[in-house]
Amino acid sequence: MPTDRMDEPLLAGAAAPLEVAVPGVEDEPLSRPAGLLRQGNFVVGVVLLAIVVIPVLLAPVLSSVGPDVQNPSATFLGPSLGHLMGTDQYGRSIWARVLYGGRYTIGASVAVVVLGGIVGTVLGLVAGYLQGAVGFLIMRVVDLLLAFPGILLALGVTAILGPSLVNAVIAVAIVAVPLYARIVEGAAREIRNLPYVRASRALGAGPRHIIVRHVLPGALPAIVVQTTIYLGIAALWIAALGYLGLGVQPPTPEWGQMVSDGQASLSIAWWGTVFPGAFLAAFVVGVSLIGDALRDRLNPTAAGS
Amino acid sequence: MVYVGKRLLALVVLLIAISVLVFLMLQAVPGSPVTALLGQSATNPAAVARLTQELGLNRPLPVQFWRWVDGVLHGNLGYSYQNQQPVSALIGQNLPSTVELAASGLLISLVGGIILGVVAAVRRNTAVDSVSMGIAMTLVALPSFWLGLILILLFAVVLPWFPVVGGSSLRGLVLPAFTLGLGVLGITGRFVRSSLLEQMHSSHVVAARAKGLNRRTVFLKHVARNAVLPVLTVVGLQIGALLSGTVLVEMVFSRPGIGRLLVQSILSKDYATVQATVLIIAGFYAVTNLVVDLLYPLLDPRIGGT
Chain V
3 MPTDRMDEPL
13 LAGAAAPLEV
23 AVPGVEDEPL
33 SRPAGLLRQG
43 NFVVGVVLLA
53 IVVIPVLLAP
63 VLSSVGPDVQ
73 NPSATFLGPS
83 LGHLMGTDQY
93 GRSIWARVLY
103 GGRYTIGASV
113 AVVVLGGIVG
123 TVLGLVAGYL
133 QGAVGFLIMR
143 VVDLLLAFPG
153 ILLALGVTAI
163 LGPSLVNAVI
173 AVAIVAVPLY
183 ARIVEGAARE
193 IRNLPYVRAS
203 RALGAGPRHI
213 IVRHVLPGAL
223 PAIVVQTTIY
233 LGIAALWIAA
243 LGYLGLGVQP
253 PTPEWGQMVS
263 DGQASLSIAW
273 WGTVFPGAFL
283 AAFVVGVSLI
293 GDALRDRLNP
303 TAAGS
Chain L
10 MVYVGKRLLA
20 LVVLLIAISV
30 LVFLMLQAVP
40 GSPVTALLGQ
50 SATNPAAVAR
60 LTQELGLNRP
70 LPVQFWRWVD
80 GVLHGNLGYS
90 YQNQQPVSAL
100 IGQNLPSTVE
110 LAASGLLISL
120 VGGIILGVVA
130 AVRRNTAVDS
140 VSMGIAMTLV
150 ALPSFWLGLI
160 LILLFAVVLP
170 WFPVVGGSSL
180 RGLVLPAFTL
190 GLGVLGITGR
200 FVRSSLLEQM
210 HSSHVVAARA
220 KGLNRRTVFL
230 KHVARNAVLP
240 VLTVVGLQIG
250 ALLSGTVLVE
260 MVFSRPGIGR
270 LLVQSILSKD
280 YATVQATVLI
290 IAGFYAVTNL
300 VVDLLYPLLD
310 PRIGGT
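Line order of the protein sequences matches chains V and L.
When we follow our numbering, the leftmost residue of the first sequence carries the number 3, and every step to the right adds one.
When we follow our numbering, the leftmost residue of the second sequence carries the number 10, and every step to the right adds one.
Treat the hints with care, as some may be off.
Far from chain V by the CB rule (all over 10 Å, computed), these chain L residues [claimed, not checked]:
#1 16
#2 38
#3 73
#4 149
#5 152
#6 158
#7 181
#8 213
#9 300
Just the calculated beta-carbon pair ranges, DEER-fashion [to be verified]:
#10 V:164 / L:168: 37 to 43 Å
#11 L:178 / V:132: 54 to 60 Å
#12 L:48 / V:42: 51 to 57 Å
#13 L:242 / V:138: 24 to 30 Å
#14 V:40 / L:303: 50 to 56 Å
#15 V:135 / L:112: 53 to 59 Å
#16 L:303 / V:215: 43 to 49 Å
#17 L:223 / V:40: 52 to 58 Å
#18 V:168 / L:48: 55 to 61 Å
#19 V:142 / L:303: 21 to 27 Å
#20 L:98 / V:68: 44 to 50 Å
#21 V:37 / L:172: 35 to 41 Å
#22 L:218 / V:138: 37 to 43 Å
#23 V:68 / L:48: 36 to 42 Å
Where chain V lies over chain L, by a calculated footprint (3+ residues, C-beta under 8 Å) [as the list claims (entries may be wrong)]:
#24 101 to 109
#25 113 to 121
#26 159 to 168
#27 254 to 262
Derived from the structure by calculation, the hints contain no laboratory data.
Since we're looking at a predicted model, the values are computed, not measured.
Just so you know, even glycine gets a beta-carbon here, dropped at the ideal spot from N, CA and C.
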């Protein structure tokens, strides 16, 4: 009988970790898409994104003319079956320009999150895991960059580098770097002291091994959420720089630059402004909805905010 | 007091760091600072010699920096060769218009955002809530320059109620202010909702309901009052969004202002003006953030006591 009594606390102790594991199993794993598909905002986001991205990818199939083909006898035509989105002052097809233009806006935004994401993540990992003087220095520079309103930083960088698509990507990526660095630093700081990471260190694992095998995977959900949310913001800013004449230069079609192009003839040809902007808006709203859904799913503590 | 002192010290450090960055910006521009500042006038050897002397370019970088800071502190922000005017005069002409736009945009975003957030929170988890938050989300994501043009199309071209180009009249302010305000309104609405919901579920609110207070009293005295602080945080966060917004809105409506001055000076490579506007906007942003931080302890005695 005394042995039974001894078993009780042992069992209770064993039950605790089991209890933690059980709801996770019942709640279905985060990676399972079924859970996400049950979230309304995720579905709407995917649909919006599909409406925008599929035509952009299929541009050569869906448009019989190229984006730069001029037609002096067909200027400022309104939307019709022949010209789905009408034509501009040179008789160029807005439909073709919107589809091909999406490649620049979306492509540049993807480049921004890849570039900014990699640099920011590396800085965040170094600062958060190694800490020390280097980490301190990195985070103070991050704080300084965050002290500038994003657009001001982007405009300042373009002022130095000059207006072009590549420079716009660099400028917006520089704005993204501190955002990534701060999020990853926070995650790395937390993960480095978790028991399994300590155990790994006690077994003799070096910082490189621990960062790559433990800290990075742990920070990944936060990085994924940040990337989805920032992709929409990046598209907005690439287009904003294009609109201001500080990004893509004409005649290259880019949604923001096209909106600016159309503004001059807004009162006689609304289609030149409305359609490229609508595609941009749909892309940004779609990406943001997906980002929100992912955040609620991967980071339940931030849900509802 | 320690809290205030720490925050003030942090502000000073930040302002110094910002000014170093803005000063170095000119060094990063391709070519020498003199040709960058002079632009078209760089072909005039007399002007080049005078500016080289004035900037102390033959001196070490820290000395140049000090001269520049000294000038800025005395209100000398440099000379815009492109506009043939001192930069401080240019800023003086453009600042009031930006302040007017930002203030009216903030007002619209606060009033609209609070209404949206309260409606969504009171009718939480209903269709009203979903629709309100859908609107908020869409407003945040809409490109402000495009929204501005849509408003122009609807309310200046199709319905000729307002001027296409935002002049100095009050009527000319309506569309720019709404473009700016609507973009920021979504952020406020979402924060107001979540902050109210958090309060509604707190134990003191449950207790207030349990002792028989009616919903209205509970909402006003126990929920709304405590929800003010998070909303103040949002106002702080919005300052950045408002500043970014003014740049684009001023360009859309061809409205004079600091944002438009900045963009035009970047396009015309007028670096003296670029430096000064970046410095002023960043400085303003830092100071307003500090003001918001200092308001916290006044509203919530729990903060700042330590």
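Verification of the hints:
The claim that residue 16 of chain L is not at the interface with chain V holds, since no C-beta of that chain comes within 10 Å of its own (minimum 13 Å). Non-interface status of residue 38 of chain L relative to chain V is broken: a Cβ of that chain comes within 10 Å, the nearest being about 5 Å off. Against the 10 Å criterion, residue 73 of chain L stays outside the reach of chain V, whose nearest CB is about 18 Å from its own CB. Its closest Cβ contact with chain V, about 7 Å, brings residue 149 of chain L to no more than 10 Å, contrary to its assignment away from the interface.
Non-interface call for residue 152 of chain L relative to chain V: violated, since the shortest CB-CB distance, roughly 6 Å, does not exceed 10 Å. Distance check for residue 158 of chain L against chain V: the nearest CB is about 5 Å away, which does not clear 10 Å, and the non-interface claim fails. Under the 10 Å C-beta cut-off, the non-interface status given to residue 181 of chain L relative to chain V holds; the minimum distance is some 17 Å. The beta carbon of residue 213 of chain L sits about 20 Å from the closest Cβ of chain V, which is more than 10 Å, so the claim that it is off the interface holds.
At the 10 Å boundary, the C-beta of residue 300 of chain L stays outside the reach of chain V, the nearest C-beta of that chain being 15 Å off. A hinted range of 37 to 43 Å for the beta carbons of residue 164 of chain V and residue 168 of chain L is consistent with their spacing of about 41 Å. Under the hint 54 to 60 Å, the C-beta atoms of residue 178 of chain L and residue 132 of chain V, about 58 Å apart, fit the expected range. As the Cβ distance of residue 48 of chain L to residue 42 of chain V is approximately 54 Å, the hint placing it in 51 to 57 Å holds.
Checked against the given bound of 24 to 30 Å, the beta carbons of residue 242 of chain L and residue 138 of chain V, roughly 26 Å apart, stay inside it. For residue 40 of chain V and residue 303 of chain L, the hinted distance range of 50 to 56 Å is not satisfied, since their beta carbons lie about 45 Å from each other. Distance hint for residue 135 of chain V and residue 112 of chain L: a CB-CB separation of about 43 Å, inconsistent with the stated range 53 to 59 Å. Restraint check, residue 303 of chain L to residue 215 of chain V: a C-beta distance of roughly 45 Å satisfies the suggested window 43 to 49 Å.
The hinted range of 52 to 58 Å is not satisfied by residue 223 of chain L and residue 40 of chain V, whose Cβ atoms lie roughly 37 Å apart. Distance hint for residue 168 of chain V and residue 48 of chain L: a CB-CB separation of about 24 Å, inconsistent with the stated range 55 to 61 Å. The hinted window of 21 to 27 Å between residue 142 of chain V and residue 303 of chain L holds, with their beta carbons roughly 22 Å apart. Our hint of 44 to 50 Å for residue 98 of chain L and residue 68 of chain V holds, since their Cβ atoms are close to 48 Å apart.
The hinted window of 35 to 41 Å between residue 37 of chain V and residue 172 of chain L is violated, with their beta carbons roughly 51 Å apart. In this structure the supplied range 37 to 43 Å is violated for residue 218 of chain L paired with residue 138 of chain V, their Cβ-Cβ distance being about 48 Å. Checked against the hint of 36 to 42 Å, the C-beta distance between residue 68 of chain V and residue 48 of chain L comes to roughly 37 Å, which is consistent with it. Residue count for the stretch 101 to 109 of chain L with a Cβ under 8 Å from a Cβ of chain V: 0. That is fewer than the three needed, and the coverage hint is violated.
Counting residues of the stretch 113 to 121 of chain L whose CB lies closer than 8 Å to any CB of chain V gives 0, so the stated coverage by that chain is violated, three being the minimum. Counting residues of the stretch 159 to 168 of chain L whose CB lies closer than 8 Å to any CB of chain V gives 4, so the stated coverage by that chain holds, three being the minimum. Counting residues of the stretch 254 to 262 of chain L whose C-beta sits closer than 8 Å to any C-beta of chain V gives 4, which meets the bar of three, so the coverage hint holds.
Going through the hint list in order, the structure does not satisfy hints 2, 4, 5, 6, 14, 15, 17, 18, 21, 22, 24 and 25.
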